[in-house]
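There are 2 protein chains.
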Amino acid sequence: MRRIEVGGPQPYAVEVGPGLLARARVAERQVALIHPADLPPAFVATVQAALSPTLTVEVPARDDCKTLGVFSKVLSRLAQANLPRDAAVVGLGGGAVTDLAGFVAASYLRGVAFYTLPTTLLGMVDAAVGGKTGVNLPEGKNLVGAFWPPKAVWCDTDTLTTLPPAVFAEGAAEAYKHGLIADPTLLPRVLSPDFRPGGPGLEDTLADAIVVKAVVVTRDLTEKGERAFLNFGHTLAHALEAVTDHAVTHGEAVGYGMHYAALLSRDMGGADLTAHTRAFLRWQKPRPLPALTFEDVWPFMARDKKADSEGVRFVLLHDLARPYLARVPEEVLRGAFEAWQADVTRLC
Amino acid sequence: MRRIEVGGPQPYAVEVGPGLLARARVAERQVALIHPADLPPAFVATVQAALSPTLTVEVPARDDCKTLGVFSKVLSRLAQANLPRDAAVVGLGGGAVTDLAGFVAASYLRGVAFYTLPTTLLGMVDAAVGGKTGVNLPEGKNLVGAFWPPKAVWCDTDTLTTLPPAVFAEGAAEAYKHGLIADPTLLPRVLSPDFRPGGPGLEDTLADAIVVKAVVVTRDLTEKGERAFLNFGHTLAHALEAVTDHAVTHGEAVGYGMHYAALLSRDMGGADLTAHTRAFLRWQKPRPLPALTFEDVWPFMARDKKADSEGVRFVLLHDLARPYLARVPEEVLRGAFEAWQADVTRLC
Numbered sequence: 001m002r003r004i005e006v007g008g009p010q011p012y013a014v015e016v017g018p019g020l021l022a023r024a025r026v027a028e029r030q031v032a033l034i035h036p037a038d039l040p041p042a043f044v045a046t047v048q049a050a051l052s053p054t055l056t057v058e059v060p061a062r063d064d065c066k067t068l069g070v071f072s073k074v075l076s077r078l079a080q081a082n083l084p085r086d087a088a089v090v091g092l093g094g095g096a097v098t099d100l101a102g103f104v105a106a107s108y109l110r111g112v113a114f115y116t117l118p119t120t121l122l123g124m125v126d127a128a129v130g131g132k133t134g135v136n137l138p139e140g141k142n143l144v145g146a147f148w149p150p151k152a153v154w155c156d157t158d159t160l161t162t163l164p165p166a167v168f169a170e171g172a173a174e175a176y177k178h179g180l181i182a183d184p185t186l187l188p189r190v191l192s193p194d195f196r197p198g199g200p201g202l203e204d205t206l207a208d209a210i211v212v213k214a215v216v217v218t219r220d221l222t223e224k225g226e227r228a229f230l231n232f233g234h235t236l237a238h239a240l241e242a243v244t245d246h247a248v249t250h251g252e253a254v255g256y257g258m259h260y261a262a263l264l265s266r267d268m269g270g271a272d273l274t275a276h277t278r279a280f281l282r283w284q285k286p287r288p289l290p291a292l293t294f295e296d297v298w299p300f301m302a303r304d305k306k307a308d309s310e311g312v313r314f315v316l317l318h319d320l321a322r323p324y325l326a327r328v329p330e331e332v333l334r335g336a337f338e339a340w341q342a343d344v345t346r347l348c
Numbered sequence: 001m002r003r004i005e006v007g008g009p010q011p012y013a014v015e016v017g018p019g020l021l022a023r024a025r026v027a028e029r030q031v032a033l034i035h036p037a038d039l040p041p042a043f044v045a046t047v048q049a050a051l052s053p054t055l056t057v058e059v060p061a062r063d064d065c066k067t068l069g070v071f072s073k074v075l076s077r078l079a080q081a082n083l084p085r086d087a088a089v090v091g092l093g094g095g096a097v098t099d100l101a102g103f104v105a106a107s108y109l110r111g112v113a114f115y116t117l118p119t120t121l122l123g124m125v126d127a128a129v130g131g132k133t134g135v136n137l138p139e140g141k142n143l144v145g146a147f148w149p150p151k152a153v154w155c156d157t158d159t160l161t162t163l164p165p166a167v168f169a170e171g172a173a174e175a176y177k178h179g180l181i182a183d184p185t186l187l188p189r190v191l192s193p194d195f196r197p198g199g200p201g202l203e204d205t206l207a208d209a210i211v212v213k214a215v216v217v218t219r220d221l222t223e224k225g226e227r228a229f230l231n232f233g234h235t236l237a238h239a240l241e242a243v244t245d246h247a248v249t250h251g252e253a254v255g256y257g258m259h260y261a262a263l264l265s266r267d268m269g270g271a272d273l274t275a276h277t278r279a280f281l282r283w284q285k286p287r288p289l290p291a292l293t294f295e296d297v298w299p300f301m302a303r304d305k306k307a308d309s310e311g312v313r314f315v316l317l318h319d320l321a322r323p324y325l326a327r328v329p330e331e332v333l334r335g336a337f338e339a340w341q342a343d344v345t346r347l348c
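From first to last, the protein sequence lines are chains A and B.
In terms of the numbering used here, the first sequence has 112 at position 112, counting the first letter as 1, and numbering is strictly consecutive.
In terms of the numbering used here, the second sequence has 130 at position 130, counting the first letter as 1, and numbering is strictly consecutive.
Note that these hints are calculated values from the structure, not bench results.
One thing to keep in mind: the hints can contain errors.
Which copy is meant is left open, so a pair is good if it fits within one copy or across any two.
No farther apart than 20 Å at their CA atoms in a straight line, the calculated lysine to any residue pairs in the SDA-like style are these [what the hints assert, rightly or not]:
#1 Lys-151 <-> Thr-222
#2 Lys-73 <-> Pro-197
#3 Lys-224 <-> Gly-111
#4 Lys-224 <-> Asp-86
#5 Lys-285 <-> Tyr-324
Looking at chain A on its own, in the form it has when it is part of the complex:
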């Protein structure tokens, strides 16, 4: 079992290891447990046995739960149960449900305690640490939410054995990204056959990938500075998700987006790291994209949440583990897009 401390104004610990669902414990006497409809019933039963929740709220699976409509219904369930302000909200499931549960915890009675039990690799590497919570709007993803750190995170590695390989690979994209921006030792380990559910490399590689995020968010909880580096590859990724109406998964989009960001980094004068992002795409085997032009994706990049009044910022790399923020001229964006498209057509 690995234990990772996340600092900041409200420090908390992330535990990574087998059997943690059964070992979850909270200080609060009343608990609302929130989980998606498609979660294995045994996971829910195990956590219910551990926490004896006052109420258990089932929400729609995947991003279907990340709406203000579901947010509203869950809050009403908590209010109907008279859940007091010294209660806790516990999110059990993938990143979508922990994002929803966190925003519920942040908002119910203006904030109650929050705990997460992520059950997907993506949820463990990305969503569970750092305190970003929220839901989508019809106008875009994650446009509403709060920074609301959990009081504890339990990453039960046993839950990953039920994941389809493609869903596991989604989380691997974020772990690989952590390798590129901060810990290059992760790069070969994520691509190793030992990094699989039940594999000998799983716990330590996963824990080291979480450490990268824990260090960054400890220094920058509300994304005023370096936390933005975690968005490496995400500007094109979000555009690909939007333009395909989420036919492309987040993990596939990040795999594609990291390669675009590596091309931009090179074209802006940095080291050529594209061999790394090509290697990841070969390992990930994302589904092919529809035919896209720069004009298709540009409006979505320009309205990315990372945009401010001065334009779209990209996270680029001078070299491995040397990220920086830059505004990239449109002609560079356009040129790299053509190179990216040629590469992904060949690779995927």
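Knowing the structure of chain A, use the given hints to seat chain B on it.
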């Protein structure tokens, strides 16, 4: 003009005086202005001229805007306008719209800058200072929200001249409450004929009432301690609002509730301050209540947001400006309720 500093992790200033709508200035280049449909159009035009907002969003009047449905629609308007994260949300109007606007500001892109221009006495004395934002659920008032302090508050006293006397009196109830819990010099000043829109006592009495709240919330932003004292009179008040389905206004309910809390304070061994709360009721002239029994209101007191797992806490007074928190035995609650009912039947 009076300027009041509110401290804490994000300090800000409250300005009180005439002509402030026209003098509002914000650092952010893009602004969403939110106002209720029943606001005098001249107020909206004045603020639009001062701030040149990117978009102006009209919402339903009074508590009809404090729903998750309106919250959702306003957020979509901001997203459709591509409002960036370095933009500001400005709430103009009564406490309901500033509560809504604050929760929108807290949640849009996980938080943008927030400013308020309250135009009711209640909004100036109570809602505008302290960072509590939020909306209602069908299950109860203010059950959803965030602590999200404004960057500045402008209380333009000119706006109060359009208020019906009964609406002005609503805010006077909160100002009187600040006198009881912290600054007894306010008590005669609130009841003075000089304390009226355009009156010579308005600006200073209003500013001193705001100072009470500013001092308390500076020391206790998230209501872990003494901030709860601001709820003096509010446990019965919220029950009266709920049981009458809000036929009783908040200000009337607080007038009634302060008298109940004064009776409880006396019965629990404190000084007899009921002459003060009777004097306020005589001044306020709230509309009579329907016939109510203790059994009618008790369930609503018991599920008040101020309740935690251990029961309903009441704010009581040892004496003027000496508030404390107590759990009151049910027989004391019941006895005081009968005395309260006899008094209000005679007075109102």
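Cross-check of the supplied hints:
Both within a single protomer and between protomers do Lys-151 and Thr-222 lie at most 20 Å apart by alpha-carbon distance, with minima of 17 Å and 17 Å respectively. Within a single copy, Lys-73 and Pro-197 get their C-alpha atoms no closer than 34 Å, and across copies no closer than 42 Å, so neither meets the 20 Å cut-off. Taking identical chains as interchangeable, the C-alpha atoms of Lys-224 and Gly-111 lie at most 20 Å apart only when they sit on different chains, with a minimum of 12 Å there against 22 Å within one chain. For the homomeric pair Lys-224 and Asp-86, the shortest alpha-carbon distance between copies (11 Å) is at most 20 Å, but the shortest distance inside one copy (30 Å) is not.
Taking the shortest Cα distances, Lys-285 and Tyr-324 never come within 20 Å of each other, neither inside one copy (28 Å) nor across copies (65 Å).
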